[in-house]
Amino acid sequence: MNMKKNVIIACTALLLAGSAKAQITYFSTGFDEGIPSAFTLHDVDGRTPSTDMQNLGFTVGVPWIAYEEGNDGNMVACSTSWYKNAGKSDDWMVTGAIAIESEKTVLSWRSRASDKDYRDGYKIYISEKGTAVEDFDKSAPLFEVSKESYSWTEHVVDLSAYAGKTVYIAFVNDSQDKNCLYVDDIFVGVESNVGLTTNLGRVIQQYGDVAVSGQVFATGEKSITSYKVGYRINGETYEQEFDGTLEPGKKTDFVLDKKFNISRNQTSEYEVWIKSGTDSTGVKGRVSAYPRKLVSEEVTGTWCGYCVRGIVAMKEMNEKYPDSFIGIAIHCSSAAWTDAMSFGVEDYHDLLFSRCNLSGYPRCVYNRNTMYSIDPGDMETYYKQIMDNSTNNCGIQLNASYDEATNGITANTDIYFAADIDKADYRLAYVLVENNVHRTNEDIGVPEGKPTGYEQNNYYADNAMGEMGGFENLPSTIPADQMWYNDVARTIYPDYNGVSGVIPETIKEGDHFSYSCSFEIPKNVLEKKNTELIVLLINKNGIIDNADKVAIDGLTTGIYTVRDDNVANEDDAYYNVNGMRVNYPGKGIYIHKGKKILK
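Mapping of the sequence shown onto mature numbering (1 follows the signal peptide of the UniProt record, and there is no 0): residues -22 to -1, 1 to 577, in sequence order.
Any given hint might turn out to be false.
[Claimed, not checked] In silico DSS-like links for lysine-lysine, alpha-carbon gap of 27 angstroms or less:
hint: 1; residue 1: K62; residue 2: K94
hint: 2; residue 1: K125; residue 2: K101
hint: 3; residue 1: K66; residue 2: K94
hint: 4; residue 1: K507; residue 2: K293
hint: 5; residue 1: K206; residue 2: K229
hint: 6; residue 1: K101; residue 2: K143
hint: 7; residue 1: K116; residue 2: K143
I should point out that these hints are in silico values taken from the structure, not numbers from a laboratory.
Given these sequences and hints, build the entire structure.
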């Protein structure tokens, strides 16, 4: 799970009762709310940013931006020296007035270069006059580095000489033709001797009972022999004592015994602190439990002998990640082989295939992001990569009900946001899928041996291509009697692009929107009780930001079971090794009465 790392020395202190040596903060920012309004920015060079940098938000007159660096939701201040025409940057970010009271005051921050080969450098100046460029003595920088490290580096500068004065501090990117400079967690004050980081990011994946964990450390040169870590969340306070020693330069993991409870899509204010004797420090923040679900839309067909690979992959992903993976199988026919499940989703298939750069069958795409147009066999690999290396700032929850009188489904959707978004163009699309899709020749009234549209071509037959979830033991053309299909797309409402105007263009952190719609169950659905509804939250770039899948109230779902006339617990039932019910087992390995048999 990716979570924001809150560095204590760069956050507002918790001034706890009796904390005589608690951290004293004169100024701090982690840029979570953007570039502070008290800051003054100067674009002295006036150069035009490169196209890539313009896509990040840079333009002439905008020398610094707040940018989501990495994949943990952390916001930083960012400056660039990459211009359309190569040249030197001269971009200033100046704090507001900061009153320095103590002789123990320090300036601390962390920074890094965005590119390991093109590393930006910078200087820091200090002034007692004001925020204009000419107020600073550029011949005497407070700090300078020609090439910042590619990894995050913490810096501390002594400000004791400015005790009793009011100062302004300027961060200046003066690099030439490099890339980006990141600056974060600026702190001016007297540091505590202890610090910690927490696992509580702005958005977390889990909900229910959640453990508070992180790392604690000594910030000075002396060891800390005993300490307490505590939290205050949802009006509940808990504190736990630890006996271990915190050595300078080392970080120690901690997990508090008592968990806090947070509901799905709930947002809570929190405080987490560390105490050692009379010394203490801590963080305040806001955490939202917005579970993220990745959507894999797959193009497949019964005519495609390789497509059993997708059937196996979908089954495995559904079993391993039932709460964070949603699979959708969009069937299509070939010129020589009709797939009975392709009817009603032709446009859905064609648009997905063309817009997501799919090629061949089977293929799938995660969240309609062309970077993740992949073979289904790689589904789990890319699932882990996306979950580990991308962020989520929105929550979504779907409820659906069926009205027998109208044969209609009513969908109610709630959407939540944990970040400000300008010029948003979100859309909602609803996909109805059916599980346990199964039709025999007898069901359709077609003589045995004649095509029904539910037979599955199988290139893995006779172990021709190695193991494939049991399909290597099935014939090259698997009879319809032996096939059950899951996650079958039946319709997408209102269309592939989704309904617009549901969410306004300007979104503020904490916003919550609701939307309701109704549509009729299409005639291509065989068993209504086996359907589920999926909602896709699609951003202005056509990428799915989040999704949800639910059973439909008023319908009895039969997910991964068989039809009523072939009940799964019948004593004499046969199943293939892929868990599919088989009416007339031929040669091969089957499960019968709980045991594996060979026929």
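Task: Numbers of unmet hints, in rising order - done: As far as the earlier hints go, not one is violated by this structure.
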